[in-house]
Amino acid sequence: MTDNIEIRTVQVTRYITPLREGGSLPALAEADDGFKYVVKFRGAGHGTKALISELIGGLVANVLGFRIPELVFVYLDEAFGQTEGDEEIQDLLQSSRGLNLGLHFLSGAFTFDPVSFPVDETLASKIVWMDAFLTNVDRTVKNTNMLIWNKELWLIDHGSTLYFHHRWESWESQALNPFSLIKDHVLLPYAGKLKEADKEFRYLLHPDKLREIVQQIPDDWLNWEDGTKEPQELRNIYLEFLHRRITHSEIFVKEAEDARKALI
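When we follow the working numbering, the leftmost residue of the sequence shown carries the number 1, and every step to the right adds one.
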């Protein structure tokens with residue numbers, strides 16, 4: 001966990017291989033710092049909204065003390081990818097020029113399995129709480145979005161969080177959504193300490209920290225609202241959404257507790 005949020009910017013020097021997962025087509029690439037990253041592209045799927053979800057979700061996870069790969073801003077210049085032979089990948093790279101998002105590649109990591117790698121009640125509760133807070137629809141048995149690396153649990157892929165911004169006009173009501181999809185969470189059966197997690201995390205995600213997280217969203221990613229709102233206006237809505245959600249966290253905590261009782 002870090003006290004001050006700092007995100008480095010790197011430039012892609014080599015496209016290695018696509019990671020054909022879902023429809024977003026992320027890729028493994030090497031950057032000018034010599035490290036490899038899983039790059040999420042602005043030209044894919046839901047565009048920069050998916051990058052915003054990934055950024056906010058990853059930063060929230062970091063503040064709450066979870067292990068996540070380092071997040072970096074990844075810059076693609078205009079010349080990159082012109083020699084790529086795959087037309088689909090070339091189109092993706094050309095539409096992703098500018099600032100994208102990368103996660104440090106965890107070489108040798110393998111997919112989490114709750115049977116072979118048991119998670120204790122406290123950790124399970126904390127992860128379930130965070131995913132209910134962020135409305136993460138994608139931490140299920142079919143797709144856990146967790147890895148084991150160096151015998152430790154790491155959280156990845158928060159691009160399916162904050163889905164309220166795909167129906168932007170109803171963000172106020174969605175902020176108070178109990179999030180019924182938490183019933184499908186892979187760790188819900190083990191999450192018996194949600195109230196304890198709620199108390200701890202409400203303290204860590206205080207208004208100033210939420211504001212610091214939201215301020216990391218680049219202006220360049222906040223240009224999708226038909227030009228009717230300035231970037232800071234959109235940041236303020238993200239901030240207000242998160243603030244309302246945590247202020248009324250008892251709503252989604254109760255939903256998770258009730259869903260868990262139905263399972264056990």
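Hints are supplied without guarantee of correctness; some may be wrong.
Capping the alpha-carbon separation at 20 Å, the derived lysine to aspartate or glutamate pairs in EDC-like fashion look like this [to be verified]: (1) Lys193 / Asp120; (2) Lys151 / Asp184; (3) Lys195 / Asp120; (4) Lys195 / Asp258; (5) Lys49 / Asp258; (6) Lys209 / Glu233.
Treat the hints as calculated values from the structure; they're not laboratory data.
These numbers were taken from a predicted model, which means no experiment stands behind them.
So, going through the hints one by one against the coordinates:
no.	hint	result
1	Lys193 / Asp120	10 Å, holds
2	Lys151 / Asp184	25 Å, violated
3	Lys195 / Asp120	15 Å, holds
4	Lys195 / Asp258	13 Å, holds
5	Lys49 / Asp258	31 Å, violated
6	Lys209 / Glu233	18 Å, holds
Figure legend: structure checked against the earlier numbered hints; hints not met, in rising order: 2, 5.
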